[in-house]
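Here's the letter readout for the chains.
Number of protein chains: 2
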Amino acid sequence: MSETETKKPARDPWDLPDVSGLVVGVLGGTGDQGRGLAYRLARAGQKVIIGSRAAERAREAAAGLGLGVEGTDNAECARRSDIVIVAVPWEGHAATLAALREELRGKLVVDCVNPLGFDKQGAYALKPEEGSAAQQAAALLPESRVTAAFHHLSAVLLQDETVDEIDTDVMVLGEKRADTDLVQALAARIPGMRGVYAGRLRGAHQVESLVANLIAVNRRYKAHAGLRVTDVQETRDR
Amino acid sequence: MSETETKKPARDPWDLPDVSGLVVGVLGGTGDQGRGLAYRLARAGQKVIIGSRAAERAREAAAGLGLGVEGTDNAECARRSDIVIVAVPWEGHAATLAALREELRGKLVVDCVNPLGFDKQGAYALKPEEGSAAQQAAALLPESRVTAAFHHLSAVLLQDETVDEIDTDVMVLGEKRADTDLVQALAARIPGMRGVYAGRLRGAHQVESLVANLIAVNRRYKAHAGLRVTDVQETRDR
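Order-wise, the sequence lines are chains A and B.
Following the numbering used here, the numbering of the first sequence begins with 1 at its first residue and continues without gaps.
Following the numbering used here, the numbering of the second sequence begins with 1 at its first residue and continues without gaps.
Check the hints yourself; a few may be wrong.
As the list claims (entries may be wrong) - A short list of chain B residues far from chain A (calculated; beta carbon distances all over 10 Å):
id, residue
1, Asp18
2, Pro89
3, Thr230
Claimed, not checked - No more than 25 Å apart at the CA atoms, straight line, and that leaves these computed lysine to aspartate or glutamate pairs for DMTMM-like:
id, chain 1, residue 1, chain 2, residue 2
4, B, Lys127, A, Glu129
5, B, Lys222, A, Glu129
6, A, Lys120, B, Asp18
7, B, Lys127, A, Glu60
8, A, Lys176, B, Asp119
9, B, Lys127, A, Glu130
10, A, Lys222, B, Glu130
11, A, Lys47, A, Asp119
12, B, Lys120, A, Asp18
13, A, Lys127, B, Glu165
14, B, Lys222, A, Asp119
15, A, Lys127, A, Asp73
16, A, Lys127, B, Glu130
17, A, Lys127, B, Asp18
18, B, Lys47, B, Glu165
19, B, Lys222, A, Asp18
20, B, Lys107, B, Asp15
21, B, Lys127, A, Glu175
For the record, the hints were derived by calculation from the structure and aren't laboratory data.
Glycine included, each C-beta is placed from N, C-alpha and C at the ideal position.
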């Protein structure tokens, strides 16, 4: 390899792949967050398959969304999808993923689960033994490409058909740039949304837990809070 | 108390107190973050005292900033200030605060320390035994009013005299509304900055740790990343 070839300039972080042809599965797609994400991605033109423990419930949720969304059981959803978003309740996270290890082999998995507890004072972070929900997913799915993203989205706004743009950045975490680039590109399919690389999976706990703080914000300000990362410019717009 | 008095409408979260007459101390004010905060607050017209283990170093830093900033040792800084910002390195956090328990009695303490470790892959969160740096401060200072804020500010931008506005929100955590209101008001003194209530101290760990993710953002995008909380409108502007 020549000198000029080895000293490439840093890649443009906004030079992201085309994901428009990929099938997106949403495990736990009958819950508020999962259904909201399925709706937004389908509305953006993505082929979406909702998964649920009960295929019938998934089919009903899919029919309610329209936009070509299909519903089926979690295993078939995982098998037929290129990118699989994990939006199951934290309580069922480990068991659901452990049962799908074969179906998720080689797939790009996007964990968006927030391990939280609730008491009189509001929400608080739970600390999974593996460090975070995303690291638990990575431990249970050694043959999958596990990333973490879509934690800070308001399920209310996602599902509100009168809302055209979701004004928020999506922090994307993962070990391989090829994988996080794909997830960033997927987030950018949704109008108003931007995927921002925010570190490796070992940094997922604080991203997941921050939802507890956003819940406190929502309560104080009667808002549906999201986050923007400032001073990060999109070079593709220049 | 009459019915009308007990059923007050929810207080406007942007109805914040006037803090312009309060003296602000900055422990660790000779470090980048502390000096940056001292500079911004002094530039906004606040009386600021920098504290350091060595009074002479604090005096030099203060002289460098001008704007009426004074420098002295940590104990006198704490004694003379109404609001005391803790910006010491995490390694010296516990020892510094334990030694100032008397001086900080009754004071409003604002912890902005981020317990982080660093290795080849970048920054990662450290988990203090007490849960967070802020909770450690609260445990060591039972007679003080401990809050947490100012974690996500770029020391580079804070210290850059050509930067007029700091485009970021400041997440403010604490147990008492009167205290967090004061800290929010202090943040709002700095042009471009807004203080947003973001929960109790038990939610401080993820706010402190998120700096590890912002460091990853800065590296990828060559940025000085901060955060904005979306969908939170300032009613006072309406």
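### Query
Does the claim that Asp18(B) lies off the interface hold, with its Cβ farther than 10 Å from every Cβ of chain A?
holds (21 Å)
### Task
Run the C-beta distances from Pro89(B) to all of chain A and say if the shortest one exceeds 10 Å.
Given that every Cβ of chain A is farther than 10 Å from that of Pro89(B), nearest at about 20 Å, it holds.
### Query
Is the straight-line distance between the alpha-carbon of Lys176(A) and that of Asp119(B) 25 Å or less?
Holds, because 18 Å separates the two Cα atoms, which is no more than 25 Å.
### Query
Between Lys222(B) and Glu129(A), does the CA-CA distance stay at or below 25 Å?
Not OK: Lys222(B) and Glu129(A) at ~33 Å, beyond 25 Å, violated.
### Query
Does Asp18(B) lie within 25 Å of Lys120(A) when you go C-alpha to C-alpha?
Roughly 31 Å between the alpha carbons, so the hint for Lys120(A) and Asp18(B) is violated.
#### Entry: Lys222(B) paired with Asp119(A) [C-alpha distance capped at 25 Å]
Cα-Cα ~40 Å, so violated.
### Message
Run the distance test for Lys222(B) versus Asp18(A): straight-line Cα separation, threshold 25 Å.
### Response
holds (24 Å)
### Message
Next pair to validate is Lys47(A) with Asp119(A); report whether the Cα-Cα distance is within 25 Å.
### Response
violated (38 Å)
### Query
Under the criterion that the straight-line Cα-Cα distance not exceed 25 Å, is the pair Lys120(B), Asp18(A) satisfied?
violated (31 Å)
### Query
Does Glu165(B) lie within 25 Å of Lys127(A) when you go C-alpha to C-alpha?
violated (37 Å)
### Task
Would you mind confirming whether the straight-line C-alpha gap from Lys47(B) to Glu165(B) stays at or under 25 Å?
holds (19 Å)
### Message
What's the verdict on Lys127(B) and Glu60(A), does the C-alpha distance respect the 25 Å limit or exceed it?
### Response
Violated, because 44 Å separates the two Cα atoms, which is more than 25 Å.
Consistency note: the structure conflicts with the earlier hints numbered 3, 5, 6, 7, 10, 11, 12, 13, 14, 15 and 17.
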